[in-house]
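Asker: Work out the full structure, taking the sequences as your base and the hints as a guide.
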Amino acid sequence: MLMKHVRLLVLTEDLPAASLSLAETLSFHPDLRPPTETRLETLPGRDYREVFSQAQARLTKITRLIPLTTPPRFAAVRVIEIAELRTLNAWLGDIWEQASRYEEELRRLDDAERLIKEQQTALENFADLNIDLRLLRNKTRFLEFHVGLLPREHLRQLEGAATLAGYILSTYMQQGENAHVVIVGPAGDKESPLAPVLAAAGFQTLPIPLELDRKPAELQQDFAEQRVNLAAQRQTLHQQLQQWGEPFHAQLSAARHTLLLAEPLVTLDAALRSAGHLAHLAGWVPATAVATLEQRLQQSLTQPFDLTSRDPRPDERKLVPTVPIKSRVLAPFALLVKQYGIPAYGEIDPTPLFAVTFLLMFGMMFGDVGHGAVIALAAIWARHKIPDFYLFGVFAGISSIAFGFIFGSIFGYEDVLPALWMSPLHNPILMLEVALGWGIAFIIVACLLGIYNRLAIGDVIGAVFERHGVVNLLFYLAFLGGGFGLAINGAFGITATLSVIVTLLALAVFQWQHLHAPTGEKILVVVIETLDTIIVYLSNTLSFLRVSAFSLNHVALALAIFTLADMMGSFGHVVTLILGNIFILVLEGGIVMIQVMRLQYYEGFSRYFSGDGHAFAPLRLRRESVIN
Amino acid sequence: MSHAATQAYLNTRISVMATRLFAPQSLDRLARMLLPELAEQFGLTALLDEQPALATRSRVVEQSLLHILLAELQILLRPMNAAERALVLAWGQKYALFNLKTLIRGKLYALDQKELRDHLYDLPPIIRLPHQELFRAENVLELLRQLESGQYHQIARQAREVYEKHREPFALEAAIDQRYYSTIVRHIMSSGDHHLNNLRQLMGAELDRVALLWLLRFRFTYHISPSETYYQLVPSTGVLNREQLLKLANLDSFERVLEALPAPLNALLNGCHSLTEVQQQLHHATRQAQRQMLIRSQSAVARALAYLMLREADLHVLFAIIQGRLLQFPQSTITAALELNEPNTNWAELRAA
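So the protein sequences, as listed, match chains X and H. Here the numbering used here is used: the first residue of the first sequence is 1, the next is one more, and so on. Here the numbering used here is used: the first residue of the second sequence is 1, the next is one more, and so on.
Treat the hints with care, as some may be off.
Unchecked claim - Distance windows between CB atoms, simulated:
1. H/D177 / X/D110: 27 to 33 Å
2. H/D177 / X/E218: 57 to 63 Å
3. X/L524 / H/S332: 47 to 53 Å
4. X/E529 / H/D177: 53 to 59 Å
5. H/L275 / X/H516: 56 to 62 Å
Hints listed in this document are in silico derivations from the structure and should not be mistaken for laboratory results. These numbers were taken from a predicted model, which means no experiment stands behind them. For glycine and all other residues, C-beta sits at the position ideal for the given N, C-alpha and C.
Answerer: Structural data, given as structure tokens:
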């Protein structure tokens with residue numbers, strides 16, 4: 001799709017309205033380069049973004065405590081000025097301050113519960129000791145006791161520090177990240193010298209219950225009651241929180257809506273520059289959408305503005321985004337193409353060709369009515385789990401079914417269905433010839449596309465002399481002609497030989513001229529590269545023999561399974577057939593898939609697809625908030 | 001593949017980078033360079049920008065120098081395996097921890113958000129701690145809650161105590177430093193046989209320096225008790241191990257500590273009468289150990305770490321010179337500062353050369 005570079009000059013007060021209009025049209029891809037005019041150096045959207053970010057963070061934190069149950073409803077689109085955003089941010093700040101108290105209270109309850117659990121565990125541990133634990137609760141005349149827990153990683157260091165202070169530290173239990181310890185040392189009138197160390201070590205005192213002489217069951221009952229009490233407190237707190245938050249639901253929903261409307265300007269922040277009251281904004285717009293964009297701006301902006309558009313300059317080609325093909329059928333194939341790269345601007349989108357050739361090769365290599373049907377049905381079954389990709393499986397299955405009819409193969413049986421053409425095993429040589437012919441056609445088409453792509457960006461010399469260009473294609477055709485002559489007449493032929501030599505020389509001379517290296521290195525590189533051209537084209541062509549090799553392989557694997565099944569009893573026969581077919585489906589299906597991808601990426605894309613473009617990502621108005 | 005082969009790329013990289021380190025002869029020349037020359041040589045364009053305030057220019061320069069160091073760190077990380085990376089990253093995390101300390105202090109004392117942000121280092125994602133949430137915390141309690149739920153939950157209780165009892169966050173910051181060095185020691189102790197001895201030696205010198213300086217400062221400048229002092233120290237992989245630190249922390253005078261030091265520290269610090277002198281000698285000895293490691297070590301990781309430490313020290317020197325120029329200190333003050341930094345260098349000879 002043809003793109004235009006647009007430049008929009010608006011008054012800064014109109015920026016929120018302009019950003020909203022651009023987002024609504026879904027046709028503006030921001031250009032982040034700073035403008036050439038040096039005076040346009042202020043970042044007018046920075047304050048807006050700061051306020052927005054804080055408001056968004058506050059809303060996220062609040063809605064963690066007061067979940068908004070209603071799905072976001074996108075009401076009327078309106079311009080959000082910075083003053084409104086500031087007011088909203090301040091209000092959210094007040095609400096968060098109040099909500100924060102509830103969160104702190106919940107944290108206090110969690111802490112208390114954790115301590116009770118540790119106490120329970122500690123007392124279970126004390127149960128076997130034959131000492132009066134009540135003594136540990138108090139400071140005696142000569143000794144002071146610290147019973148508690150601390151992070152295990154601080155234990156060793158605290159042990160040394162306690163020794164230096166004249167204390168004895170005994171670890172009686174280690175559980176999770178914590179160690180439970182008893183520290184005993186001399187009592188004094190002043191604050192314990194160990195107190196700051198204990199604070200630094202994150203020591204937490206475990207209170208010893210007052211009535212330790214009671215039965216353990218009673219003590220545990222006490223703890224259980226305390227925990228029930230804490231759970232009740234927590235529930236009450238949640239109810240209070242809910243009651244407190246109830247009146248704010250509508251306002252919070254409105255706040256969410258406001259932030260969604262403010263978001264486009266925040267997204268544009270990096271592309272905005274201004275000087276005084278004049279703001280500058282640039283971006284890429286599909287040529288067909290420029291008029292609509294201008295019309296939309298005229299409707300929404302109250303102040304004058306200037307919108308200019310121009311064609312992308314040659315030096316900007318790499319910056320122009322590519323609008324992807326929108327087709328539900330091609331979408332899963334586009335995903336696979338995207339793994340290699342995104343078409344650069346002006347480059348042919350390989351997705352349709354990729355889809356057709358992929359299906360043809362997959363079907364030919366894995367042609368079986370039964371297996372194809374299983375693949376298609378499995379893909380339909382998984383459509384909810386992989387909604388974007390299931391069609392790929394369906395098409396691959398259909399292709400496999402179609403070739404299954406052509407080869408007369410169903411679950412490996414070659415004699416059930418009448419073949420529309422023939423079974424691959426009946427004439428393997430013919431199959432190999434077909435694959436070779438397919439490969440030659442594939443490589444020629446790939447080279448032609450590569451030549452077209454270079455011509456489309458005005459690179460005429462590249463189209464003629466670069467790798468996989470016109471000269472390279474002529475070499476390939478001459479090489480094929482010679483090869484054909486060798487196979488039929490037993491001689492390469494003078495015309496073919498001369499053509500190969502001339503084209504290779506042309507390629508070598510071109511490379512020589514474009515190499516910047518010492519002469520010795522140039523000779524080495526040119527010789528190797530020329531040799532490489534011959535080897536690459538020969539091996540790439542032969543590489544397509546795998547298309548027929550796998551169709552033969554499919555039949556051969558089925559034969560192997562039938563042979564194994566025939567060696568079993570009737571039950572074993574059925575089990576072997578089922579397991580064998582699963583084996584073929586999973587293993588061979590997977591390998592075929594990888595092989596086809598390899599042929600596409602290596603033999604195809606490397607010839608005509610640079611994949612160094614970037615996708616058109618227009619400014620848009622999100623209909624769903626991130627906090628949901 | 002042999003150990004030498006797997007480390008070949010990293011070793012070559014380090015050797016190439018090591019040519020960027022300041023030779024002692026170049027320091028005097030650097031100290032005499034003017035701001036435009038410094039800006040040109042080190043690509044510090046912010047130095048030439050007259051518009052912002054001095055403090056802003058200084059911060060931008062500091063940030064630029066930090067970027068240089070961390071960019072080199074990231075280059076050295078690339079050929080390393082996961083464990084080696086973790087060690088070098090643990091060393092580089094000191095800057096993320098500076099940010100964490102700034103954030104905690106800023107929130108505890110309710111500093112202005114903008115001012116707080118200006119004092120944070122802009123770090124690459126690989127070093128950055130997930131402190132964005134901490135920054136967004138709107139009050140101390142929220143900050144404490146976030147600390148408790150994150151990777152720093154171990155220091156959260158201390159932070160709460162600092163807040164609730166209105167204590168000075170010194171102990172908290174000491175705990176962060178302690179965790180930093182303990183993490184590095186843990187990584188070293190779990191490193192492979194090829195690196196263990198060299199890394200222990202390299203970090204041992206650094207940890208000996210840190211432990212001794214902390215010990216002297218805590219005991220005799222802040223007058224902290226032996227037990228609390230000992231608790232804040234990190235046992236070294238060098239000579240100041242746990243037992244040595246227990247013994248030294250219990251001594252009651254500066255001189256007795258220096259006398260009781262094990263070799264080679266006792267010889268190195270013999271005749272020192274002040275903390276500043278000790279600091280200078282230790283700094284010099286550590287730099288020497290790092291240089292030796294960079295030249296002689298069999299372990300590429302130890303060499304990488306030694307290079308980064310030396311480079312960091314060089315960039316500190318450069319920053320000090322730039323600060324001196326920005327504040328328009330006389331040449332003699334800048335030179336004197338450098339002489340204090342490298343006390344064992346013969347400056348008179350260098351100037352004559």
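Asker: Take the hints in turn and mark each one as holding or not.
Answerer: Results for each hint:
Between H/D177 and X/D110 the CB atoms are about 29 Å apart, so this pair conforms to the stated range of 27 to 33 Å. The hinted window of 57 to 63 Å between H/D177 and X/E218 is violated, with their beta carbons roughly 47 Å apart. In this structure the supplied range 47 to 53 Å is violated for X/L524 paired with H/S332, their Cβ-Cβ distance being about 59 Å. Our hint of 53 to 59 Å for X/E529 and H/D177 holds, since their Cβ atoms are close to 58 Å apart.
Roughly 59 Å separates the CB atoms of H/L275 and X/H516, a value that falls within the hinted 56 to 62 Å.
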